[in-house]
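Student: Sequence:
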Amino acid sequence: MKGCINEIKENDSVDSLFLVKEKSSAVTKTGNIYLKLKLVDRSGEIEGRIWTSVENLGPSFEKDDFVHVLGKAVSFQERLQLNITFIENVREEEILFSDFFPMTEKNIDEMFQSLLEISQEIKNPHLSQLLQLFWKMSPYQTF
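The sequence shown begins at 1 in the working numbering and counts up one residue at a time.
Where hints are given, some of them may not hold.
[To be verified] Cβ-Cβ distance ranges computed for the label pairs, FRET-style:
1) Glu-117 to Glu-45: 36 to 44 Å
2) Asn-56 to Leu-127: 50 to 58 Å
3) Arg-49 to Glu-7: 49 to 57 Å
4) Trp-51 to Phe-101: 39 to 47 Å
5) Gln-129 to Ser-60: 20 to 28 Å
6) Asp-109 to Gln-132: 17 to 25 Å
7) Ser-53 to Met-111: 19 to 27 Å
The hints are simulated quantities; they were obtained by calculation from the structure and are not laboratory data. Built from N, CA and C at the ideal position, the CB exists for glycine as well.
Given these sequences and hints, build the entire structure.
Tutor: Shown next, in the form of structure tokens:
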């Protein structure tokens with residue numbers, strides 16, 4: 001993914017996909033409405049602001065949506081934030097969940113095999129049978 005949050009530096013142009021963790025509106029000192037966002041990916045989170053075209057851009061996405069963002073990274077009160085110039089909703093089919101949520105670096109197949117081995121030591125036949133049913137439904141099922 002281009003432009004992971006932990007790679008963004010001040011004055012960078014950003015063209016990336018994020019998950020909207022928070023969305024709220026606020027009012028500037030001059031009375032203009034703007035949107036405050038908290039955007040996340042697997043590397044972290046960053047505040048975002050939409051200062052212009054709020055009435056056009058705001059309704060196009062909601063909290064918990066995946067969005068494509070264009071903007072510029074600026075420092076405000078010693079914290080990095082994005083001044084967003086464009087934002088649009090992205091369908092879940094178009095994203096990789098691994099870009100947005102923490103993933104293990106361990107081998108998943110090996111971890112599942114270890115889990116299978118441990119579960120074979122369960123003495124209670126009802127619990128053992130229940131675990132076997134779970135394993136049969138698993139995408140990592142190997143038997």
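Student: Decide, hint by hint, whether the structure agrees.
Tutor: Do the hints match the structure? See the list:
no.: 1; hint: Glu-117 to Glu-45: 36 to 44 Å; in the structure: holds, 37 Å
no.: 2; hint: Asn-56 to Leu-127: 50 to 58 Å; in the structure: holds, 56 Å
no.: 3; hint: Arg-49 to Glu-7: 49 to 57 Å; in the structure: violated, 20 Å
no.: 4; hint: Trp-51 to Phe-101: 39 to 47 Å; in the structure: violated, 29 Å
no.: 5; hint: Gln-129 to Ser-60: 20 to 28 Å; in the structure: violated, 49 Å
no.: 6; hint: Asp-109 to Gln-132: 17 to 25 Å; in the structure: holds, 18 Å
no.: 7; hint: Ser-53 to Met-111: 19 to 27 Å; in the structure: violated, 46 Å
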